[in-house]
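Chains as they are written, first to last, in this note's numbering: chain Y, 1 to 1024; chain B, 1025 to 1148.
To be clear, the hints were calculated from the coordinates, so they are not data collected in a lab. The C-beta atom is built at its ideal place from N, Cα and C for all residues, glycine as well. Among the hints, erroneous ones may be present.
[Said to hold, decoys possible] Interface residues of chain Y toward chain B, partial, derived using beta-carbon atoms under 8 angstroms:
{"no.": "1", "residue": "255"}
{"no.": "2", "residue": "358"}
{"no.": "3", "residue": "916"}
{"no.": "4", "residue": "917"}
[Unchecked claim] On the chain B side, residues computed to face chain Y include the following (Cβ under 10 angstroms):
{"no.": "5", "residue": "1028"}
{"no.": "6", "residue": "1036"}
{"no.": "7", "residue": "1038"}
{"no.": "8", "residue": "1039"}
{"no.": "9", "residue": "1043"}
{"no.": "10", "residue": "1054"}
{"no.": "11", "residue": "1057"}
{"no.": "12", "residue": "1065"}
{"no.": "13", "residue": "1067"}
{"no.": "14", "residue": "1092"}
{"no.": "15", "residue": "1102"}
{"no.": "16", "residue": "1110"}
{"no.": "17", "residue": "1112"}
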Amino acid sequence: MSQSLKQPNRLHEGGRIDRSHTLSFTFNGTRYQGHAGDTLASALLSNGVDIVNRSFKYSRPRGIVAAGAEEPNALVQLGSSEAAQVPNVRATQQALFEGLTAQSTNGWPNVQRDAMSLIGKLGGRFMPPGFYYKTFMAPASMWMTYEKYIRKGAGLGRSPMERDPDHYDHLHQHCDLLVIGAGPAGLMAGLTAARSGARVILCDEQEEMGGSLLDSRELLDHQPAYRWAERVIDELGRLDNVTLLPRTTANGYHDHHFVTLHERRTEHLGETAPLVDGVRPARSRMHRVRAGQVLLATGAHERPLVYGNNDVPGNLIAGAVSTYIRRYGVVPGEKLVLSTTNDHGYRAALDWIDAGREVVAIVDARRNPDGDLVAEARARGIRIIDGAAVLEARGEKRVSGARVAAIDVAAFKVAGQAETLACDTIASSGGYSPVIHLASHTGARPSWDDELLGFVPSLVKGVHAAGSARGVHGLAEGLADGTAKACEALAALGKSADAIALPQVDARYESTACALYQVPHEKPTLRAPKQFVDLQNDVTAAAIELATREGFESIEHVKRYTAMGFGTDQGKLGNINGMAIAARCLGKSIPEVGTTVFRPNYTPVTFGAIAGRHCRELFEPKRYTALHQWHVEHGAEFEDVGQWKRPWYFPQVRPQVRPDATNGERESMAEAVARECLAVREKVGILDASTLGKIDIQGPDAREFLGRIYTNKWAKLAVGRARYGLMCKDDGMLMDDGTTSCLAENHFLMTTTTGGAAGVMEWLELWHQTEWPELDVTFTSVTDHWATMTVTGPEARKLLAEITDIDLDRDAFQFMDWRQGKVAGVPVRVFRISFTGELAYEINVQANYAMHVWKTLFEHGDKYGLTPYGTETMHVLRAEKGFIIAGQDTDGSVTPEDLGMQWAVGYDKPFPWVGKRALSRSDTRRVDRKQLVGLKPKDPKVVLKEGAQIVLDPDHAIPMPMVGHVTSSYYSPTLESGFALAVVKGGHSRMGETVYLPMADGKTHAAEIVSTIFVDPKGARQNV
Amino acid sequence: MFHIYCPYCEEHREEEEFHPKGQAHIARPEDPEACSDEQWGDYLFFRDNPRGIHHELWVHAVGCRKFFNITRNTVSYEILETYKMGEAPRFTAEHPEGRPAETVAAERTAAGADKVERQQGAKA
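Please construct the entire structure, taking both the sequences and the accompanying hints into account.
Have a look at this one:
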């Protein structure tokens, strides 16, 4: 590793860095030093590092251009270890810390000598917008091959491949006024609101609050402006009603003043959050703020001018030069040429000369500018070339000169002989674009202001903008605007605030700015040296011109064709210039061309902050039944059903099969399921069915309600009886099913499918509240209150009889009866409902007694061969009986008639129940609807694949007409054969026909259409 | 994310507590059998998608479980009002600035919407 200990560009004094605190860091394998208070960018400039990256498309060397969120080039990959990798961090926003390790995002083998740049040089002219589409389109099958190499060549950062050691969290916040941005306007607004007693949140994305005050040349109350900022921040920090959030980016403005603030809490301290008292704090935090009113004091981004080779390292925006000098004590070069269209840009030249370095010339696009800053520059003896601009930069890896000439702005042409000025830095200022991103997130379209030469935000109700964010650029004006807009915002909340006295600012006269975006060149744009508009996406003025020539007229299409404003940049530096160039090419004005839409996020947000604690074991709630612990202890494999953990099957340890085996082996799933199935069919099994949805329905109109919501009849269901019911939507399609029991004349218990419970509950409420509010009925979810255990099989009665006081006599307690009584000494409801086709008792017991009842059953069950079974066995057993699962055998396009369940449809019920009318629609009457049938594979060893498509003629030319698909398919140990349920067009009239299932592996299975009931068609076994 | 005022709880709550249930004021025909297939299809499947003021049915799913209506501007997403089942909206496409509250209240009394009548259906 090489080492560089000098900081050739560091000033001996000035700036807000701590020179007594030196930090070392590594960039592209070289060790450097910087100081506390530096950003990675200021430290790199201090060390004279010119090339920080290679460009996205042409692999051109790139340097630092800006000092904030708008930086397009200095994207780095952070992290010294795999787990700590962070991609695409802007060096301008990353605080320096001891040991920071970064490398350029692009560049192979390195940024100094990049292999891809050869392509950029040779092929540059041949890579117009749409290059990849145009070049690699044919043959289409080869795209996947090309893409791999294109991506390797382009590439942005990469994600870590190891688990993030940090954690992140969310905080929900409320406030009266959220102020975004702590520059002059934001601080004044915050102070005004804070002193009124309102609850205020003030956030700012930078390491330090103060914005432009931190590098201003102006005085406030006769002192440097930052002193005033420090006093205000100190006062705000001491107020209980104020939350100050530095290092916090308002990344998205969502509906109804919901703003997400991304606070980077430890990124400035190290690559992972440092331990505090042995606890690792959250690395970053998402504040989810619901604000009463929002005030945007987000400032403005300076626009660079678009001229030839304006991407060579050493080209910066003028404001960034001032920031590096005044805030970080770093001068990013020796000899400066400034190209500007406005007075404000002059600050860079004045700061440069104050730092003791040479200003070669200020090139001003205006004739005879006469503002106060211009006068100051003249008085300092700086050469000012007016009516001119920098046409192009000279140099490859660093600026070596600037070609300067008089220009005619209106005619867009060069108006004089060019001269070349030797320099190593070119600063440019083309004016200021208000940062309108957050206002755009609300959907409000910004409007163009011809005087300001920028888009100003349109504001929805409750949103305010102050200062530069709405084009009020002067310091005195911005401060006044901040306090005025805060008063307006509070008034909208019905609160009053007093405007506060402004600090003393010297008045300053500014001459009018001129509208210049792209600088003309002697050669036409398409043949001039590359004039970059969007540095991050390598979009040039020529590319935009070409796009308009190819017929792209909408700015949104130009954007997508050229990729202008894409990526992490989102058009912060280049968008206005790009629109201006498109407007010039189309012969329109900028407002006619319009602007593209900015969307969240303002700058990239790490996924960790978005997820917060909603990850790993806290990603989703898990629901356990009251018997879960028993299942765990008995080796159950679990299946997720909704949020529930249900036992899937209970594999047993097989007795030793080989004399040399020291341990038995666990059963496979197929073996366990076969054993469980046979136990139920031949002896007795037990299932934890607690997850079934249960809804307690009460009221004088409960029975009437059931009749309207279910397809079948409920008028005559007696107390003590249960009935299976089908629930349809009003389109006639099955939605859910289950049994409902009559507990008392006005009291019913409805069961639903496990996954459908919440939806059915909402469905019942919907109909009751919106259609039939006159019915006196209430619904209460009791799913968690009751545990349910199904004891089923020929021995069920004998087993249960041992521990219950309920008369289990076959005539006293018939199939589809329910009885109240005690089991194992505990009050229970027992339902004779069968989902297996065997004799079955569903015992419902208060959940906290469930374990006792379950264990007591096992104490008595051994001699009957009581076997616990899981959901897989439940599925096999129910499918053998042709019992459907709503949502598996149905998919929202299946009617009760398609299922062959006309027996559960009350066609002659008086009230037009939900779903009835739809059953007589022409579509539901079609004879070729897909209908539920059984399938018996011709080869009993075959278990058809669920979802497999069914055809009538396997020799039909492809594409074969598909007539249905398999919905449920299992191996039946009872039948010793595979079997399936399926939906087949016109299936009910195709009994005995053979259908075919062509599989992906080339095999075709044949199967016979049979009844859906495979076992005990007469239902004798459940009715004993 | 919306901030929704539940007219039953009488509080603003986060959208996460609510479920949207589609266009409001879709009354189920009282005699479905009298509907042609086309009329029944319109009732089942066809909904408005206006630019501007729209009335929507929502439910305070993890709150009070009550259904209610929202008048929302589909362009600005502004919620102009929320109102209980059986009530009439103040803000409509014809009256985007809102009718006087007294007019709406008088209409409600005249229509007897305060009393729930048998077979009347609150959505109508």
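Status of each hint after checking the structure:
1. 255: holds, 5 angstroms
2. 358: Status violated, d = 54 angstroms.
3. 916: holds, 7 angstroms
4. 917: Status holds, d = 4 angstroms.
5. 1028: holds, 9 angstroms
6. 1036: holds, 8 angstroms
7. 1038: It holds, given that the least Cβ distance between residue 1038 of chain B and chain Y is near 8 angstroms, below 10 angstroms.
8. 1039: holds, 8 angstroms
9. 1043: holds, 7 angstroms
10. 1054: holds, 8 angstroms
11. 1057: holds, 6 angstroms
12. 1065: holds, 7 angstroms
13. 1067: holds, 8 angstroms
14. 1092: holds, 9 angstroms
15. 1102: Since the shortest Cβ distance to chain Y is 7 angstroms, the answer is holds.
16. 1110: Where the cut-off is 10 angstroms and the nearest Cβ of chain Y is about 7 angstroms from residue 1110 of chain B, the hint holds.
17. 1112: violated, 15 angstroms
Taken one by one, the earlier hints fail for this structure at numbers 2 and 17, listed in ascending order.
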